[in-house]
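If you read the sequences in order, they're chains A and B. Using the working numbering, the letters of the first sequence correspond one by one to residues 1 to 266. Using the working numbering, the letters of the second sequence correspond one by one to residues 1 to 424.
Calculated directly from the structure, the hints in this document are not laboratory data. Hints are not guaranteed to be accurate.
When the alpha-carbon atoms are kept at most 25 Å apart in a straight line, the in silico BS3-like pairs for lysine-lysine are as follows [said to hold, decoys possible]:
| hint | chain 1 | residue 1 | chain 2 | residue 2 |
| --- | --- | --- | --- | --- |
| 1 | A | 251 | B | 382 |
| 2 | B | 210 | A | 100 |
| 3 | A | 100 | B | 176 |
| 4 | A | 71 | B | 423 |
| 5 | A | 100 | A | 171 |
| 6 | A | 126 | B | 295 |
| 7 | A | 251 | B | 210 |
| 8 | A | 126 | B | 397 |
| 9 | B | 210 | A | 126 |
| 10 | A | 100 | B | 382 |
| 11 | A | 71 | B | 382 |
| 12 | A | 171 | A | 157 |
| 13 | B | 382 | A | 157 |
| 14 | B | 55 | A | 126 |
| 15 | B | 171 | A | 100 |
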Amino acid sequence: MQNKEFATRLGLEIEAVYHVTMKSILLLHLIISSFSFAGLPNASAPSDANEIVKKADEARYPSGQFSFFVKVTDTDDSNQNETVYLVHTKDSDNSLVETKSPERMRGRKLLMKKRDLWMFLPSLKKPTRVGFEQRLTGEVSNGDLARTNFAEDYDAKLVGEEKVDSHNCYKLLLSANHKETTYRQIVYWVDKSSFFPVQVKFYALSGKLLKTGKYSGVKPVLDKSRVTQLVITDALHKTRQSTLNYFNFRKANYDDTFFSKESLSD
Amino acid sequence: MIKLGFLTFLLMASLALGAIVESHIDTQSRIGYHTVAPTDLSSHRHELDVNYLVKFPNPWSLGFGLRALVEAAYASNSSRYPDPVRTRDSQDIILRDLFLQYKGGPLTLKLGSQQVVWGEAFGFYYADLVNPKDFRDFGIGPLDRNRLHIPMINAKLNFDDNVIQLIYVPKPFFNKTPSVGSDFAFPFSRFFPSQDFTFNDERTLPVSIKNAEYGVRLSPNISGTDLSFIYFNYFDRAPVYESENNSGSINVLGEHLRLETLGLTLSLPLSTLVLRSEILFHRNKYFNYFDGSLKPYESNQWVGVLGLDYIVGDKWRLGLQVSENYRDRTVSGAIDLQSTQLITGHGSFTIINSQVFDLLYAYAPHDGSSLTELSYLIPLSKRVEILFAADLFNGGKSSQFGLFHPASRGYIQLKTYLGNETKI
Numbered sequence: 001m002q003n004k005e006f007a008t009r010l011g012l013e014i015e016a017v018y019h020v021t022m023k024s025i026l027l028l029h030l031i032i033s034s035f036s037f038a039g040l041p042n043a044s045a046p047s048d049a050n051e052i053v054k055k056a057d058e059a060r061y062p063s064g065q066f067s068f069f070v071k072v073t074d075t076d077d078s079n080q081n082e083t084v085y086l087v088h089t090k091d092s093d094n095s096l097v098e099t100k101s102p103e104r105m106r107g108r109k110l111l112m113k114k115r116d117l118w119m120f121l122p123s124l125k126k127p128t129r130v131g132f133e134q135r136l137t138g139e140v141s142n143g144d145l146a147r148t149n150f151a152e153d154y155d156a157k158l159v160g161e162e163k164v165d166s167h168n169c170y171k172l173l174l175s176a177n178h179k180e181t182t183y184r185q186i187v188y189w190v191d192k193s194s195f196f197p198v199q200v201k202f203y204a205l206s207g208k209l210l211k212t213g214k215y216s217g218v219k220p221v222l223d224k225s226r227v228t229q230l231v232i233t234d235a236l237h238k239t240r241q242s243t244l245n246y247f248n249f250r251k252a253n254y255d256d257t258f259f260s261k262e263s264l265s266d
Numbered sequence: 001m002i003k004l005g006f007l008t009f010l011l012m013a014s015l016a017l018g019a020i021v022e023s024h025i026d027t028q029s030r031i032g033y034h035t036v037a038p039t040d041l042s043s044h045r046h047e048l049d050v051n052y053l054v055k056f057p058n059p060w061s062l063g064f065g066l067r068a069l070v071e072a073a074y075a076s077n078s079s080r081y082p083d084p085v086r087t088r089d090s091q092d093i094i095l096r097d098l099f100l101q102y103k104g105g106p107l108t109l110k111l112g113s114q115q116v117v118w119g120e121a122f123g124f125y126y127a128d129l130v131n132p133k134d135f136r137d138f139g140i141g142p143l144d145r146n147r148l149h150i151p152m153i154n155a156k157l158n159f160d161d162n163v164i165q166l167i168y169v170p171k172p173f174f175n176k177t178p179s180v181g182s183d184f185a186f187p188f189s190r191f192f193p194s195q196d197f198t199f200n201d202e203r204t205l206p207v208s209i210k211n212a213e214y215g216v217r218l219s220p221n222i223s224g225t226d227l228s229f230i231y232f233n234y235f236d237r238a239p240v241y242e243s244e245n246n247s248g249s250i251n252v253l254g255e256h257l258r259l260e261t262l263g264l265t266l267s268l269p270l271s272t273l274v275l276r277s278e279i280l281f282h283r284n285k286y287f288n289y290f291d292g293s294l295k296p297y298e299s300n301q302w303v304g305v306l307g308l309d310y311i312v313g314d315k316w317r318l319g320l321q322v323s324e325n326y327r328d329r330t331v332s333g334a335i336d337l338q339s340t341q342l343i344t345g346h347g348s349f350t351i352i353n354s355q356v357f358d359l360l361y362a363y364a365p366h367d368g369s370s371l372t373e374l375s376y377l378i379p380l381s382k383r384v385e386i387l388f389a390a391d392l393f394n395g396g397k398s399s400q401f402g403l404f405h406p407a408s409r410g411y412i413q414l415k416t417y418l419g420n421e422t423k424i
């Protein structure tokens, strides 16, 4: 009887699993990747290009333990989808992303511990391992979200200075320092005075431009001003955009077991 | 008594102060028709799921859930569905969560009606032994919906992601099996043609020490691999049948007998692939044979499952899974083959606007039968989605899937999700 029952359930559960958008995985990496830098942006002169990149990373997220919401709005021609996530994070190694909206996707969770990833679907009621490499699939609508941890994954080189949207910027060329990055190269513009990131371009391994991103929405976030919006546009299909708005940051104090795989189903 | 009630109320109110209440209210309506003549109504079902989780501002939380369903197809299609189906399966109210949970430090203790899920493989979780299932509709639907919550004590100790879990079930509960005459019923008429028979299936056993069930799971944290060793001493969730001829009338009883299961499950990410595997050994499990009457015989059983999942971007997902059941003993007249296999391929394709096309094909090499499932999901809003689906069974009349060929069907399902999160 087991086999008879197996196949039907298999299909429905696979369906449920696969309805989890990779966006949450990629989003998680985006978030995690930016937490490993202590300190805050300041106007002191950077010692080198890598230091600029670090300071730009610090302009996005605080350090330590905290939670916040991200509203991701995807637009493609006349279509628009909106998803809201609640993100819990502890240092750079532990993060938990909960889908809060739309309601039909609520309760889905993604846990990252170092290089391990699990997702939890209410329809399964159990954590399911996700391959770490799946973050690197480079899908055009999401891939750019995954690899903004530039300081850890890329070696930077200052290639000039340019004015972008009235900002006097450092222009940096970032080259991947290991093979697990999504992009071979990134061109990154960072405001010279505030070290806020301003613009970014992502290039595929083939050298093709995939995406451009623009940072904005500087607001006080916990102890400092930080960018709170990222608009990403597909290089090929200009009408495809993803807008990430970060809000409601809160300090937190998580128990060690909060980020355990077992806790996903409790 | 009034004072005690008042004090309890005060205690609960004080505990609840600052609590977060998560509510989920889902509705699901489905209408379906058979795709094989006679193409009559197969399902006209409405379901309501209500779930609450109260998270107190301390290590305690409280869960409550209830499902109510009405299936109108059986009553409106009396020419196809005989009385046992109409009376037994036309409506149901099912208690789901009703638990109190303590979570502090490495200890998680959950008492009451709940689900415990073991295993790593997709689809039918062979290691998913603990909760009984509702198979009245062939188990179609997310497994969470088909699992029947049961009361138990569930304790977990978590040390750096090395987990020891102990469970104790004081009162066994069993699968809900399809009623005689329903689309997915056990084919008793094959064994007792033109004979009247009655069928009774145990649904539970009384609370007692000898009926208690217990199990343990050890899940060590080994870098990059999820491993679990499981042991469960329990009563088989599926029935084994025993029949007796009573003055020309056949009485069939579905019994549930004790067995032990040892298992090893793992999942391992391999670049863009994830490998999942389960190996189970069922000791002293009972199966059926027929020698003029249905009788049980005992055998050990091995179950192996191996699957690979492959994801292409965030739009396409593909998977392949093979499984085998093998009994180390069989008898003349055994109803099932000593060894059976299943090869399953599946794909999920996001088309546009989060619309998802899913395809599953399961093939049973030992008898050449197959099951094809197709579905197309269209989100209509943040809270509403519609599903067009078909389940097609093919193969010989007595084959694994061909047996249910007349039950092949297509259906439309509308689901709504309501919910809220409130801080008291």
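Given the proposed pairing of residue 126/A with residue 397/B, does the C-alpha separation stay at or below 25 Å?
violated (36 Å)
Does residue 176/B lie within 25 Å of residue 100/A when you go C-alpha to C-alpha?
Outside the cut-off at roughly 34 Å; violated.
Straight-line Cα separation of residue 126/A and residue 295/B no greater than 25 Å?
violated (37 Å)
Checking one constraint from the list: CA of residue 71/A to CA of residue 423/B, max 25 Å. Satisfied?
Given pair residue 71/A, residue 423/B holds - Cα atoms ~21 Å apart, limit 25 Å.
Need the status of pair residue 100/A, residue 171/A: alpha-carbon distance at most 25 Å?
Outside the cut-off at roughly 37 Å; violated.
Would you check the hint for residue 55/B and residue 126/A, treating anything up to 25 Å between C-alpha atoms as holding?
holds (20 Å)
Could you grab the alpha-carbon distance between residue 100/A and residue 382/B and see if it respects the 25 Å cut-off?
Distance ~11 Å between residue 100/A and residue 382/B Cα, so the pair holds.
Against the 25 Å threshold, does the CA-CA distance of residue 251/A and residue 382/B hold or violate the hint?
Distance of about 30 Å is beyond 25 Å: violated.
Given the hinted pair residue 171/A and residue 157/A, is their alpha-carbon gap at most 25 Å?
holds (9 Å)
Just to be careful, I want the Cα atoms of residue 210/B and residue 100/A compared with a cutoff of 25 Å; is the pair within it?
violated (45 Å)
Does residue 382/B pair with residue 157/A here, judged by a C-alpha cut-off of 25 Å?
Given that 25 Å is the threshold and the Cα spacing comes to 44 Å, the pair is violated.
Does residue 100/A lie within 25 Å of residue 171/B when you go C-alpha to C-alpha?
violated (37 Å)
Checked against the numbered hints above, the structure breaks hints 1, 2, 3, 5, 6, 7, 8, 9, 13, 15 and satisfies the rest.
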